[in-house]
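Asks: Listed below, chain by chain, are the residues.
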Amino acid sequence: MIRKKVLSLFATATLAMGLLAACSGEKASTDDGKKGDGGASVIKIATQSPLSGGSATLGEAIKLGAQLALNEQKDKFKDLGFDIQLVPYDDQGDPKKGVANAELIGADKAILGVVGHLNSGVAIPSSVTYEKYKIPMVSPANTATDVTDRGLAAVNRIVARDDFQGPAGAEFAVNKLGAKKIFVIQDKTAYGTGLAEAFKAAAEELGAEIVGFEGVTVGEKDYNGVLNHVVAQAPDLVYFGGLYSEGGLIIKQGREKGLDVPFMGGDGLDSSTLVEIAGDAVKNTFITSVAGDTTATEAGKEFAAKYKDKYGKNVESYSAYGYDSMGVVLKGIEDAINGNDGKLPSREQVRDAVRAVTDFQGVVTTVTFDDKGDNENAQVFIYEFTEVAYPPKQNAVISK
Amino acid sequence: MLAEILHTLPQVLIDGLALGAIYAIVALGYTMVYGILELINFAHGEIFMTGAFIGTAILITLTGLGWIAVMPALLALLLVLVITSVLTGFIGMGIERIAYRPLRKAPKLITLITAIGVSFLLQDLVRFITEVKRGNYILTGPSMFTDRVEVKTSSVLSVFNDASFKESFIIVFVVAAIMMITLDFFINKTKWGTAMRAVAQDRDTSALMGVNVNKVIGLVFFLGSALGGATGVLFAIQYGTIDPYIGFILGLKAFTAAVLGGIGNIRGAMFGGILLGVLEMFASANLTLMTNGVFGAEYKDVFAFAILILVLLFKPEGIFGKVVMEKV
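As you go down the protein sequences, you meet chains A and B in turn. So the first sequence is numbered by the working numbering: it starts at 1 and just counts up by one. So the second sequence is numbered by the working numbering: it starts at 1 and just counts up by one.
Hints were generated in silico from the structure; no laboratory data involved. Since we're looking at a predicted model, the values are computed, not measured. Please note that the accuracy of each hint is not assured.
[Claimed, not checked] Here are the simulated EDC-like cross-link-like pairs (lysine to aspartate or glutamate), alpha carbons at most 16 Å apart as the crow flies: (1) Lys-74/A to Glu-334/A; (2) Lys-301/A to Asp-280/A; (3) Lys-188/A to Asp-162/B; (4) Lys-257/A to Glu-298/B; (5) Lys-257/A to Asp-301/B; (6) Lys-188/A to Glu-298/B; (7) Lys-257/A to Asp-162/B; (8) Lys-308/A to Glu-150/B.
[Said to hold, decoys possible] The following residues of chain B were derived to be distant from chain A, with all beta-carbon distances above 12 Å: (9) Ile-5; (10) Ile-14; (11) Ile-22; (12) Ala-52; (13) Trp-67; (14) Val-70; (15) Ile-83; (16) Lys-105; (17) Arg-148; (18) Trp-192; (19) Met-209; (20) Ala-236; (21) Gln-238; (22) Tyr-239; (23) Ala-283; (24) Asn-286.
Note that the Cβ used here is the ideal one computed from N, Cα and C, for glycine as well.
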């Protein structure tokens, strides 16, 4: 009887001890960086991108790119005594969900970095939370100026800013296409007007003459009036700041009026619908985009092959950016570990190490962050529609 | 400045007439319904949009079946116009039967709100169906009548530049003219037209005289919606790309045109539509020149509506409108 009681007590005690041990083991590996039961302490890196909903393809591409980079460096970190793991979060392209996830990420002490987001609208509120927890975020895709202009120490991005698209387009238009008289049309939205004004200022500085600056109303279908004015001015390039639905019609109706000069616009025109609307007229149209064609370089081709081999999918525009963002985060963590005598660094140390990354050589971009977290080597890519097909061909790369 | 405006004038007139013809026929739908019910049928712009979608859908289907290639383009257009206008005509009648007739005795404001509701309903219905079928609610139809025609206006007067237009412009203009003339004839010369005018004048008395008021009102909605739907097809052919929201701005402007011409007056609506189209096109091409760049083309609507206000200040009943006592 007594023996039975002792036995059960012993069994319960063992169980409790086991549980406690497991807990403490976990704690040890996360909090103090002491070696846990597995022999290496765990470092987690989160990705935040939409994995469901309309832009899931792009969000998934960011995650898979990041995953690929992490898998490749697993062995290197094992040698340093750390086990790196990826924790994918689905932000659903929704700011509320992004912030909620960010809180979860902040609460998980093992997470030392975030790769994300796809949407600037999600990145901006979520990054406030990262800042609070001192977790560095490296964005593969956010172009809104406000992402870095708030001066948060935790926020970095490897792509170009929106306000660099206009100047880059102007440089290409004036220097490469030799445009002297440029007509600018914009759609009276924040995006369109901002882009058109940045383009106009840069083009004027480069010596081109702006022969007209007109606005059109979003949602209308007849732009013949403005185009009559354009034809009368006989420009040798037409720049449109706006989105593809208006842009497509302006290109189409312009060509119908015999306007054979190149048309140019920003990434708002980057859509297969533009080709659908404009049809044949889309030829000789140029667009600027912050996302480069991955397969344009040797390194990129290699990456695309690796990606296809591993996941059985073709690369999306942001796959390689996800890969490079993860590369930057891991470089930061590695530097922080080295700077901390091989011990697990704090989030603050990682945050500062990520910001200090210089000349990181990625697949699509080299990364050096300035004091705001913008990539000094960010590039804008010029695409040209040479045929009636989407996507267009990459024509040139404009660096800052 | 004047020389520059004159340079582009022929082209501006051509583009303005194309847009104005479309405003004019849509304005007819507003003015007919207002004339007879004193109801501003805000859903009429959406009927126009629905017509554009139905027409494009038929054209895409016909192209898919390979019929367009073997059929003369004009015949195909006629077929699409007839099918679309019958369909939208019935949609219009259905809307009247379901949404307006039960409210005919209610205060006018209530019917107005219902009309706005119907217009949202149609918008989202079309958007939903198109998105399910095509994955994108912006629809681009097969291009027809795209050959360019040059007009040597410079030989008429040397200050003019040459103008050019697409073949579809002639189609739009001719079809619009035929529709308007037929409607004018129908209303003024036939028995049904007389009944319509009678109901417009005094509903109760004409009922006493043996006119079936419900039938006449149904007919008005059928005619107006059929014309609106057919115009949608013309619009889709002229501009190529449509979305479920084209009816809103265009409907507002067509309504404005109806008011400009004198609401309730058929010929006034035609004139008002053409005038508004030409004014708008003229403003968007020349505002920058006229104001030295202070006001750009984006103020074209302000310009057009300023003229509307001016006209209404001096002639509140519209250009062709008659001063009538408020019906009670």
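Asks: Could you run down the list of hints and mark each one as holding or not?
Replies: Now the hints, each set against the structure:
no.: 1; hint: Lys-74/A to Glu-334/A; result: 12 Å, holds
no.: 2; hint: Lys-301/A to Asp-280/A; result: 30 Å, violated
no.: 3; hint: Lys-188/A to Asp-162/B; result: 31 Å, violated
no.: 4; hint: Lys-257/A to Glu-298/B; result: 20 Å, violated
no.: 5; hint: Lys-257/A to Asp-301/B; result: 23 Å, violated
no.: 6; hint: Lys-188/A to Glu-298/B; result: 8 Å, holds
no.: 7; hint: Lys-257/A to Asp-162/B; result: 11 Å, holds
no.: 8; hint: Lys-308/A to Glu-150/B; result: 53 Å, violated
no.: 9; hint: Ile-5; result: 9 Å, violated
no.: 10; hint: Ile-14; result: 9 Å, violated
no.: 11; hint: Ile-22; result: 9 Å, violated
no.: 12; hint: Ala-52; result: 10 Å, violated
no.: 13; hint: Trp-67; result: 21 Å, holds
no.: 14; hint: Val-70; result: 22 Å, holds
no.: 15; hint: Ile-83; result: 23 Å, holds
no.: 16; hint: Lys-105; result: 37 Å, holds
no.: 17; hint: Arg-148; result: 7 Å, violated
no.: 18; hint: Trp-192; result: 34 Å, holds
no.: 19; hint: Met-209; result: 45 Å, holds
no.: 20; hint: Ala-236; result: 9 Å, violated
no.: 21; hint: Gln-238; result: 8 Å, violated
no.: 22; hint: Tyr-239; result: 4 Å, violated
no.: 23; hint: Ala-283; result: 7 Å, violated
no.: 24; hint: Asn-286; result: 7 Å, violated
Violation of the numbered hints given earlier is confined to hints 2, 3, 4, 5, 8, 9, 10, 11, 12, 17, 20, 21, 22, 23, 24; the remaining hints are satisfied by the structure.
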